[in-house]
Amino acid sequence: MKKTARRASTQAFTEILDIIDNIVVVGGGNACSIIEVSATNFTLQSTDEQWAKISSYASLLNSLSFPIQILIRSKRVDISNYLKSLDYQASSNPNKVLASHITKYRNFISELIKQNTVLDKKFYIVLSYSYLEKGAIGAAKSKTNKDDFIPSAKLILKSKLESLISEIGRIGLKARILDRKELISLFYDVYNNGSVESSKITEGSLRPTLEK
197 MKKTARRAST
207 QAFTEILDII
217 DNIVVVGGGN
227 ACSIIEVSAT
237 NFTLQSTDEQ
247 WAKISSYASL
257 LNSLSFPIQI
267 LIRSKRVDIS
277 NYLKSLDYQA
287 SSNPNKVLAS
297 HITKYRNFIS
307 ELIKQNTVLD
317 KKFYIVLSYS
327 YLEKGAIGAA
337 KSKTNKDDFI
347 PSAKLILKSK
357 LESLISEIGR
367 IGLKARILDR
377 KELISLFYDV
387 YNNGSVESSK
397 ITEGSLRPTL
407 EK
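Per our numbering, the very first residue in the sequence shown carries number 197; after that it's consecutive.
Keep in mind that the hints were calculated from the coordinates and are not lab data. Given the structure is predicted, the values throughout are model-derived calculations rather than measurements. Just so you know, even glycine gets a beta-carbon here, dropped at the ideal spot from N, CA and C.
Here are the in silico distance ranges between beta carbons for each label pair: (1) ARG372 <-> ALA248: 19 to 25 Å; (2) ILE264 <-> TYR384: 22 to 28 Å; (3) LEU294 <-> ALA254: 44 to 50 Å; (4) ARG366 <-> SER326: 24 to 30 Å; (5) GLU245 <-> LYS292: 37 to 43 Å.
Result set (DSBU-like, lysine-lysine): computed pairs, CA atoms no more than 35 Å apart in a straight line: (6) LYS354 <-> LYS318; (7) LYS310 <-> LYS292; (8) LYS271 <-> LYS354; (9) LYS280 <-> LYS300; (10) LYS354 <-> LYS377; (11) LYS249 <-> LYS350; (12) LYS318 <-> LYS280; (13) LYS280 <-> LYS370; (14) LYS377 <-> LYS318; (15) LYS350 <-> LYS318; (16) LYS271 <-> LYS317; (17) LYS377 <-> LYS317; (18) LYS300 <-> LYS310; (19) LYS370 <-> LYS356; (20) LYS370 <-> LYS354; (21) LYS271 <-> LYS249; (22) LYS350 <-> LYS370; (23) LYS350 <-> LYS271; (24) LYS300 <-> LYS271; (25) LYS370 <-> LYS317; (26) LYS310 <-> LYS370; (27) LYS377 <-> LYS350; (28) LYS318 <-> LYS356; (29) LYS317 <-> LYS350; (30) LYS318 <-> LYS249; (31) LYS249 <-> LYS377; (32) LYS271 <-> LYS356; (33) LYS318 <-> LYS271; (34) LYS310 <-> LYS377; (35) LYS354 <-> LYS317; (36) LYS280 <-> LYS317; (37) LYS280 <-> LYS377; (38) LYS370 <-> LYS249; (39) LYS377 <-> LYS271; (40) LYS377 <-> LYS356.
I would like the entire structure built from these sequences, with the hints used as guidance.
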């Protein structure tokens, strides 16, 4: 008897059922939203500024009434466009002295990346929602009824997101909620081992992290 080959759905491995607006729906009546948090150069700050940041961060953690997950993603950076930009600036600059400095800087960066891995770090915070947060009666209805589950998840996650973003602002950092397109890109990148087009450094981009 001839056997029919079975193809497993990707969703069977990722547990992601759907992504609606800024909400990731997963199995078991659960969902989550993700925010991206800006970085700060902690080492360049004064001792007083560092202690203020640490104190504010401790206050943020103590103020939370719900669990969070902190995710840090490091990704190799393609700086080819940045180097081309420096080449253009050097060749088009009428000031020969300044053009010479730009060329030297360009060569320095080129040599530096040969000895170090250039990484772009992204910082995320994951906030979760469970159908159990609606109580026993509401939970039974919410888990079995998608039309009820999504509005409930949006409402509760919105409250958590607004509270957390406000607290993050007190530390002096910026936070924003990832939309559907950004969530799809993030998860695709995670599950495909960074196969999404590498991050690119261009003129005006934040300085990347160097790792030996």
